[in-house]
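Protein chains: 2
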Amino acid sequence: MSRPPIRLRSPLCAADPARIEALVRAAGVFNAAEIAIARELVVETLARGEDAAGYHFLIADQGDAVAGYACYGPIPATENRFELYWIAVSPAARRGGLGQQLMAAAEMGARAKGATHLFAEASDRADSQPVHAFYRACGYTLHARVPDYHTDGDGLAIFGKRL
Amino acid sequence: MSRPPIRLRSPLCAADPARIEALVRAAGVFNAAEIAIARELVVETLARGEDAAGYHFLIADQGDAVAGYACYGPIPATENRFELYWIAVSPAARRGGLGQQLMAAAEMGARAKGATHLFAEASDRADSQPVHAFYRACGYTLHARVPDYHTDGDGLAIFGKRL
Numbered sequence: 001m002s003r004p005p006i007r008l009r010s011p012l013c014a015a016d017p018a019r020i021e022a023l024v025r026a027a028g029v030f031n032a033a034e035i036a037i038a039r040e041l042v043v044e045t046l047a048r049g050e051d052a053a054g055y056h057f058l059i060a061d062q063g064d065a066v067a068g069y070a071c072y073g074p075i076p077a078t079e080n081r082f083e084l085y086w087i088a089v090s091p092a093a094r095r096g097g098l099g100q101q102l103m104a105a106a107e108m109g110a111r112a113k114g115a116t117h118l119f120a121e122a123s124d125r126a127d128s129q130p131v132h133a134f135y136r137a138c139g140y141t142l143h144a145r146v147p148d149y150h151t152d153g154d155g156l157a158i159f160g161k162r163l
Numbered sequence: 001m002s003r004p005p006i007r008l009r010s011p012l013c014a015a016d017p018a019r020i021e022a023l024v025r026a027a028g029v030f031n032a033a034e035i036a037i038a039r040e041l042v043v044e045t046l047a048r049g050e051d052a053a054g055y056h057f058l059i060a061d062q063g064d065a066v067a068g069y070a071c072y073g074p075i076p077a078t079e080n081r082f083e084l085y086w087i088a089v090s091p092a093a094r095r096g097g098l099g100q101q102l103m104a105a106a107e108m109g110a111r112a113k114g115a116t117h118l119f120a121e122a123s124d125r126a127d128s129q130p131v132h133a134f135y136r137a138c139g140y141t142l143h144a145r146v147p148d149y150h151t152d153g154d155g156l157a158i159f160g161k162r163l
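Chains W and V supply the protein sequences, listed in that same order.
First residue of the first sequence? That's 1 in our numbering, and the numbers climb one at a time after it.
First residue of the second sequence? That's 1 in our numbering, and the numbers climb one at a time after it.
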């Protein structure tokens, strides 16, 4: 059975909080607090609008489900620096390059809004090395680590790229 | 003429957005965007409440003015990690140790809310070295730098302390 085609879309729609929560849960790499934050960002952005909230979303629709999404926005009190707050792809869509497509679309969107640099944070745990490899493959450099930032033994890794 | 005594207080009151904006402006080290963010955090916290907003404030009243303040709160998706988002002291109050008093009170407040670590960010510009010296004097360690994080030539310095 063939899967429906994937189409990138913005902005958010009313069905997205539940669908993005389902995607983030299915991704299998986020904990309960992170899943709640992901949903809350979508709800807040729908309520306030992307520009007021400071969050811009790109959604990869596949039939009635969300196969992946990215969320980025300007970093307050910086000049043309944006952060990639979220990027997540469903396990089924991971082999098809959807992560790279979302990253490229996020970079293009950020550039269109004035970004010259995009930063992305990750855990420095061993099981986050696939995330690091993804950022490196997209041209990002590991700028800094903060040990034990999330909890003991789970530090922060800050990646960045000049767009 | 002697100045009125300084008294630490929380929570926020309705006069604080204007008074904290005046203090942050008078501090002389924050740009227009940062001043706007400082005020917005106060307004948002008054509207939502400290726990819902995730921002806790300590105000140093001196007569009808604010001589200094600190703002801290839990870092989302971390375990018992808090960030010191703001600490500012009026030029007139800087020699009296008010910065250290506010820092000690913020650490105590964060610990009471479960914090085991407090992080604080700063610029890595040469003119921010007094801020770095203040953090070091309070027992903070420079964990990481991200070059050009705020703008070209103005990087990020991340300090932290185990409470």
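The hints are simulated quantities; they were obtained by calculation from the structure and are not laboratory data.
Please read these numbers as outputs of a predicted model, since none were measured by experiment.
Among the hints, a few may not be true.
Computed footprint of chain W on chain V; a stretch qualifies when at least three of its residues, placed anywhere within it, have a C-beta under 8 Å from a C-beta of chain W [said to hold, decoys possible]: (1) 13 to 24; (2) 28 to 37; (3) 51 to 57.
Incomplete in silico selection of chain W near chain V, CB under 7 Å [what the hints assert, rightly or not]: (4) 37; (5) 40; (6) 74; (7) 144.
Glycine included, each C-beta is placed from N, C-alpha and C at the ideal position.
Hints and how they fare:
Check result for the stretch 13 to 24 of chain V against chain W: violated, 0 residues qualifying (beta carbon to beta carbon below 8 Å, three or more required). Closer than 8 Å: that is the beta-carbon criterion, and the stretch 28 to 37 of chain V has 4 residues meeting it against chain W, so the requirement of 3 holds. Here's how the stretch 51 to 57 of chain V fares: 0 of its residues keep a CB closer than 8 Å to some CB of chain W, so the rule of at least three is not met and the hint is violated. For residue 37(W), the interface hint holds, the least distance from its beta-carbon to any beta-carbon of chain V being 6 Å, beneath 7 Å.
At a threshold of 7 Å, the smallest CB-CB gap from residue 40(W) to chain V is about 9 Å, leaving the interface hint violated. The interface hint given for residue 74(W) is violated, since its Cβ lies 10 Å from the closest Cβ of chain V, which is over the 7 Å cut-off. For residue 144(W), the suggested interface contact is upheld, since its CB lies about 4 Å from the closest CB of chain V, less than 7 Å.
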